[in-house]
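Asks: Listed here are the chains, written in short residue letters.
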Amino acid sequence: MTTFFNTILVGISSGSIYALMSLSLVLVWRSTRVVNFAAAGQAVLSTYLGYEAMSRLHNYWLSLPIAVIAGALISAIVESFVMRPLAKRSKGSPVESIAPVIATLGILGLIRGIAGLVWGNTFLQYTSPLSSKGFMIGHTTIPFSPLNAAIVIGAAIVLAFFAAIFRFTRLGLALRAASFQPEISRLSGIRVDRIRTIGWAFAGAAGALAGALVTPTTYLSPNSLDLLLVSGFVAAVIGGLESLIGAVVGGLVLGVGFAFILQYIGSEVTFSAAFIILIIVLFIRPQGIFGRGGSREA
Amino acid sequence: MTLIVDHLRIQHGTITAIDDLSFAIEPGELVTIIGSNGAGKTTLLRALSGLIPTASGSASWKGQSILGRRAEDLVRSGIVHVSEGKAVIPELTVAENLELGGIWRKDKTDIALATSEVLDLFPRLGERMKQGADTLSGGERQMLAIGRAMIARPDLLLLDEPSLGLAPLVIEQIFSAIDALRQRLGLTVVLVEQNAISALGIADRGIIINLGKFVTSGSSASLMSDPTLRAAYLGF
Ligand SMILES: Nc1ncnc2c1ncn2[C@@H]1O[C@H](COP(=O)(O)OP(=O)(O)O)[C@@H](O)[C@H]1O
Ligand SMILES: [Mg+2]
Chain A
6 MTTFFNTILV
16 GISSGSIYAL
26 MSLSLVLVWR
36 STRVVNFAAA
46 GQAVLSTYLG
56 YEAMSRLHNY
66 WLSLPIAVIA
76 GALISAIVES
86 FVMRPLAKRS
96 KGSPVESIAP
106 VIATLGILGL
116 IRGIAGLVWG
126 NTFLQYTSPL
136 SSKGFMIGHT
146 TIPFSPLNAA
156 IVIGAAIVLA
166 FFAAIFRFTR
176 LGLALRAASF
186 QPEISRLSGI
196 RVDRIRTIGW
206 AFAGAAGALA
216 GALVTPTTYL
226 SPNSLDLLLV
236 SGFVAAVIGG
246 LESLIGAVVG
256 GLVLGVGFAF
266 ILQYIGSEVT
276 FSAAFIILII
286 VLFIRPQGIF
296 GRGGSREA
Chain B
5 MTLIVDHLRI
15 QHGTITAIDD
25 LSFAIEPGEL
35 VTIIGSNGAG
45 KTTLLRALSG
55 LIPTASGSAS
65 WKGQSILGRR
75 AEDLVRSGIV
85 HVSEGKAVIP
95 ELTVAENLEL
105 GGIWRKDKTD
115 IALATSEVLD
125 LFPRLGERMK
135 QGADTLSGGE
145 RQMLAIGRAM
155 IARPDLLLLD
165 EPSLGLAPLV
175 IEQIFSAIDA
185 LRQRLGLTVV
195 LVEQNAISAL
205 GIADRGIIIN
215 LGKFVTSGSS
225 ASLMSDPTLR
235 AAYLGF
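So the sequences go chain by chain: A and B. Numbered by the working numbering, the letters in the first sequence go through residues 6 to 303 in order. Numbered by the working numbering, the letters in the second sequence go through residues 5 to 240 in order.
Some hints could be false.
Stated by the list, open to error - Computed footprint of chain B on chain A, listed as stretches where at least three residues anywhere in the stretch have a Cβ under 8 Å from a Cβ of chain B:
#, segment
1, 172-180
2, 183-197
Said to hold, decoys possible - Only some residues are given here: those of chain B computed to face chain A with a beta carbon under 10 Å:
#, residue
3, G54
4, A75
5, L78
6, V92
7, E100
8, G105
9, G106
10, A153
I should point out that these hints are in silico values taken from the structure, not numbers from a laboratory. For each residue, glycine too, the CB sits at the ideal point set by N, CA and C.
All chains, please: the whole structure from these sequences, using the hints.
Replies: And the structure:
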């Protein structure tokens with residue numbers, strides 16, 4: 006029974022990371038209808054910047070917000086200088102819907118290349134002061150560590166912050182309106198281009214936090230977050246791609262699912278399991294658990 | 005003159021949707037532009053509100069050119085467009101749709117005042133504030149779209165076929181609301197319609213267009229009493 010609860014706790018911790026990456030993908034999807042493969046690259050770059058901040062300031066807790074702000078800026082730059090001009094240039098052409106997605110793959114490759122040049126293709130340690138050794142309960146050590154706890158708390162704070170912005174502020178209303186009906190939004194005076202950039206910046210911040218929280222549990226290399234992108238993507242699809250709550254629930258479901266597979270079946274199958282879960286969800290509920298049935302009114 | 009459209013031409017690729025169109029509208033007038041399906045009515049309004057570019061000619065509002073400006077900026081100069089087809093955002097609540105109308109404005113007191121005026125005019129919206137706009141009837145959606153526009157405090161209101169797909173009784177309600185609004189606020193209104201009877205019923209003047217070209221214009225009474233026009237363009 007304790008194993009069962011421990012597995013859930015560990016699953017929630019990794020699920021929080023997936024939730025952040027999934028949120029990052031959903032925010033971009035909602036604001037520009039692009040599946041952002043560059044998210045893994047953007048997050049790895051911001052994590053490298055966090056790593057640099059850490060090696061100068063010797064303080065993980067200061068490097069964390071630096072990584073997050075860097076992630077927001079990187080994402081805003083990618084949107085303003087690559088995605089937006091590209092969308093305008095490809096408008097009306099046969100590649101209109103696919104060109105931006107391919108461009109995100111290009112950016113992913115480019116960022117990895119740059120990271121490899123600057124930091125080398127080695128495994129760096131970006132460490133947090135928190136122990137990754139499990140808490141002691143009585144005389145037994147459980148797998149859930151202070152680092153896991155920080156991950157869950159950090160993710161929860163950011164998710165609550167986003168939820169509050171989306172629900173209670175004008176900016177949140179503008180972000181939602183612009184994602185559903187850009188034209189009506191413009192006719193209501195919303196500067197949709199600017200709002201899209203902000204949507205990407207939020208997405209970059211969420212991805213950066215995921216990267217900076219997960220990296221202390223592993224290592225940092227130019228493609229160390231690629232698997233996180235896959236998990237975030239599966240979580241986003243489970244959640245229905247459109248829904249912010251869905252993104253979070255999808256991440257947690259996936260995290261807990263992985264933890265159980267790891268605990269009871271073995272680590273060899275976890276990666277394939279992600280894809281099996283993805284395909285099953287797509288077959289049973291193509292719109293995801295939180296997606297709306299049928300098509301949205303365009 | 006408030007709104008002046010001069011030799012305007014608008015293309016959709018090779019299709020000329022508006023062809024050498026000129027007209028002028030005085031402050032406080034309610035003018036209806038009547039034309040059948042495909043006449044170019046929507047194209048004209050979309051160009052006037054900055055959503056699409058024009059090929060040649062000019063259009064100005066209060067002496068300033070409105071062409072080449074962005075829709076989101078024109079809203080701030082008082083030009084508000086209620087686009088075709090019950091322009092609400094179904095994924096948002098009624099209250100949020102109304103809030104959109106004033107989202108760019110700083111004067112929160114006046115936004116609250118404008119909102120209460122809209123709810124006085126359309127009490128059914130007030131009863132449904134927390135509901136999703138997707139739960140509204142067609143008539144209620146049209147009320148919501150017009151209500152949202154009013155919260156922006158427009159000087160020039162561009163309405164694209166508010167009667168489309170609505171039952172006669174509902175059309176009557178909406179048109180009398182439009183009439184009440186312009187009487188009360190002194191708005192200038194361009195009302196684009198296929199439903200000539202209802203539109204001429206509240207308009208000061210009508211302009212008839214066909215295949216993007218000017219046909220004729222005149223007071224509502226004179227257009228309605230011309231049997232040739234009625235047979236050819238007005239459909240009654
Ligand atoms: N986006 C578009 N692309 C190509 N042709 C269009 C487009 N929008 C409208 N048209 C054409 O322009 C003409 C005028 O259309 P529209 O302005 O919608 O007329 P109305 O609103 O009076 O029914 C029609 O021939 C229509 O087919
Ligand atoms: Mg039309």
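Asks: Now tell me, hint by hint, if it's right for this structure.
Replies: Do the hints match the structure? See the list:
Chain B is given as covering the segment 172-180 of chain A, and this holds because 3 residues of the stretch bring a CB closer than 8 Å to a CB of that chain, at least three being needed. With 12 residues having a beta carbon nearer than 8 Å to a beta carbon of chain B, the segment 183-197 of chain A meets the requirement of three or more and the stated coverage holds. Below 10 Å, beta-carbon pairs count as interface contacts, and G54 (chain B) has one with chain A at about 8 Å; its hint therefore holds. For A75 (chain B), the interface hint holds, since its Cβ comes within 10 Å of a Cβ in chain A; the closest pair sits about 4 Å apart.
Among the interface hints, the one on L78 (chain B) holds; its C-beta lies about 9 Å from the nearest C-beta in chain A, closer than the 10 Å criterion. For V92 (chain B), the shortest C-beta to C-beta distance to chain A is roughly 7 Å, which falls under 10 Å, so the interface hint holds. Restraint check, E100 (chain B) versus chain A: the minimum CB separation of about 6 Å is within 10 Å; hint holds. At its closest, the beta carbon of G105 (chain B) sits 6 Å from a beta carbon of chain A; the interface hint therefore holds under the 10 Å criterion.
Interface restraint check for G106 (chain B): the shortest CB-CB distance to chain A comes to about 9 Å, inside 10 Å, so the restraint holds. Below 10 Å, beta-carbon pairs count as interface contacts, and A153 (chain B) has one with chain A at about 8 Å; its hint therefore holds.
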